[in-house]
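Use the sequences and the hints to build the structure in full.
For reference, the chains in residue letters:
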Amino acid sequence: MKRRDAIKKITIFTGGVIFLSAGIMPSCTKSASRDQLSEEDIVLLDQIGETIIPETDKCGGAKAAKIGIYMRLMVDECLTKEDRRIFLEGLTLMENSAMEQFKDNFLKLNPAQKKKLFLNLQTQAETYNKNKGNNLASNSIHYFDLFKKLTVDGYFTSEIGATKARRYQAVPGKYKGCISYKKGDKAWATS
Amino acid sequence: MNINGSAAAEISYDAIVIGSGITGGWAAKELCEKGLKTLMIERGRMIEHIKDYPTANLNPWEFKHRNILPLKDREANPILSRCYAYEESTALFFVKDADHPYIQKRPFDWIKGYQVGGKSIMWGRWTQRWSDLDFEANAKEGIAVDWPIRYNDLAPWYSYVERFVGISGNKDGLPQIPDGEFLPPMDMNCIETHLKKSLASNYSDRHLIISRTANLSQALLGRGPCQYRNLCFRGCPFGGYFSSNSTTIPAAEKTGNLSLITNSVVHSIIYDETTQKAKGVRVIDALTNETKEYFAKVIFLNAGTLNSTLILLNSKSSRFPNGMGNDSGELGHNLMDHNYNGRISGEFKGYEDQYYEGRRPTGTYLPRFRNLGSEKQVDFLRGYAFACSASRPTGKDKGVEIGTALKETLSEPDLWKVTLVSMGECLPTHHNKVTLSKDKVDKWGMPLLEIDAAFGDNEHNMMNDILKSGAEMLDKAGFINIKTTDTGNAMGLGIHEMGTARMGRSAKTSVLNGNNQIWGAENVFVTDGSCMTSGACQNPSLTYMALTARAASFAVEELKKNTL
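As given, the protein sequences belong to chains A and B, one line each in that order. Going left to right, the first sequence walks through residues 1 to 191 as this note's numbering numbers them. Going left to right, the second sequence walks through residues 192 to 755 as this note's numbering numbers them.
Do not rely on the hints blindly, as some may be mistaken.
Stated by the list, open to error - Lysine-lysine pairs mimicking DSS-like chemistry, simulated, CA-CA at most 25 angstroms apart:
id, chain 1, residue 1, chain 2, residue 2
1, A, 132, B, 468
2, A, 149, A, 164
3, A, 174, B, 589
4, B, 468, B, 752
5, A, 186, B, 540
6, A, 63, B, 587
7, A, 63, B, 589
8, B, 587, A, 132
If you are wondering where the hints come from, they were derived from the structure by calculation, not from laboratory data.
The structure is reproduced here in structure tokens:
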């Protein structure tokens, strides 16, 4: 069989299986307030997604792509148990950070505040990832990276993401090895 | 075509073909077209071309899990989950781990597809010919036994099957992969052309070519052409690639000579001690566990490497107490695969004003260059090819952007990227073997197969060179961020399991003769991957098809002469 970049296909999800026994993150000291995602959480997830991939004048963002429903399905049916736990605990940690930083509920923040919060969380994730190699107990994915990963995967496999943000041809009908490209032209949605 | 009911009424045929995969389809087509009333026996369910490809036209967002497999499926299938082609869109064609257990004495991933068409539905389609470099290697090096045939024996049959299959490719003039009968080649993209030129200027023995592939770059015999969707593994509603379902089975059906029974597990081949021939097969109904027998003058065993050998080991008689054709004691031995574990990737800054359009269902191929001509390696025998995947992936989340900037980055292509995947030859060795469990059986009462095999020193030494040579070639071509990986996967995951009923020149050392006949039961032909005497490094299916067409032609001639 053809072995086209098999590594590319090893997604975060299978990676999670490998690290299943890697232990808990040091930052996760609080107990999770959720053991599953509710209908109301879809609104929260939509806002998380929309902050990461917002609507622009060119096309809709993650909310329009129904990212909340997608994320809940992934959490319920596709993530490893470890990643599921990290995701659910991460929601609480993120909400706590919003409260600490802006003294308000995440859903009540304006888009600029949400973005600022997420840039901080991203810095935390970056620091966490830098220390990963030094600490065997923290090999798991950071919850914010998981939020991003699910948003990005879900958005760009959605109809809006694939056909509006990127370019999609269901039936190309031909192959051209070389076409010209200029900065700003969209990428193909599928390879 | 007769399916189940009407076929069950009859029990005698001119020929029986066990299996409907890539070689079973060819055997049935050839035998039917030459006028033989042929019964094809398939253990799995019916898959009709186009009608039974339910995922073929789905867009990414139309899959419930966007083509990601749910955790429960991955947890229930630890072996199958390691297969690169097992996705939500293709899961329906793969056998689940629990449905056909086997025993791993050493780790071995056995990836299976039980349905009409077998794994020909989701095969990789790369089709380079073998050459005498491969057929002569065992004899020259004193490894295993000599092949009973040479390239010249097979060359006309390569041509014969290529003309019917439809192989897109270029006449490259390379002796290690002789040119064939090709439909027009597909384009290379600009980074592939760059790498090709770099290899040509830095080395005299490295030639990057467009991989020969069983995808139709032009319509052929009412099939295709390829629509460049690159969704082949789901079954192609355009008939754009070769499978038994799209091609050989319809051809066999057209003759009116084909009967096909599904859900029928072959238990054994029945040997007649009086005539000293096989007389038929014993079949277990997969749904009712009822046993039936079918009879024929000639039997083609094409159940797939490991299942063909399982059937032979289970076909015991006074004449063959240790399994049919096992006078030599080699039945079950010399299991091989290909070593795909080496991965070398790199990125390239440049050609930023270039892109491509359409999804080409093949890649580029760097044919073997080690131990070729005057090139000699001291650490290992044989050689390897590289499958080269080259694309311009979309921008990645680098962990610094959020919002509009991130959205833009991810919506545009990034640097060109190339990944070389090794395709290393694996030597045949006696201790890589399969046997039947003495006490464990599956739900049909068939003994479980015990697989006891692993890559050896030659494969490991070759891997060191693979990673070194691959990284060096990308470095010389100006790639950056070069990464090398040995995935360390177990044998089997190349899904090129072969050997275990090898061809040879003597009944004392092999299971099959030069025409794929079983020594001592010459009306039984085995022409799937189990017949292989060595493994070469090319993708093997084209060679299996050529061997099958050649053996079928021989069988019909012998039947006419009444010598079978």
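Checked hints:
no.	hint	in the structure
1	132/A / 468/B	violated, 66 angstroms
2	149/A / 164/A	holds, 19 angstroms
3	174/A / 589/B	violated, 33 angstroms
4	468/B / 752/B	holds, 16 angstroms
5	186/A / 540/B	holds, 19 angstroms
6	63/A / 587/B	holds, 21 angstroms
7	63/A / 589/B	holds, 22 angstroms
8	587/B / 132/A	holds, 20 angstroms
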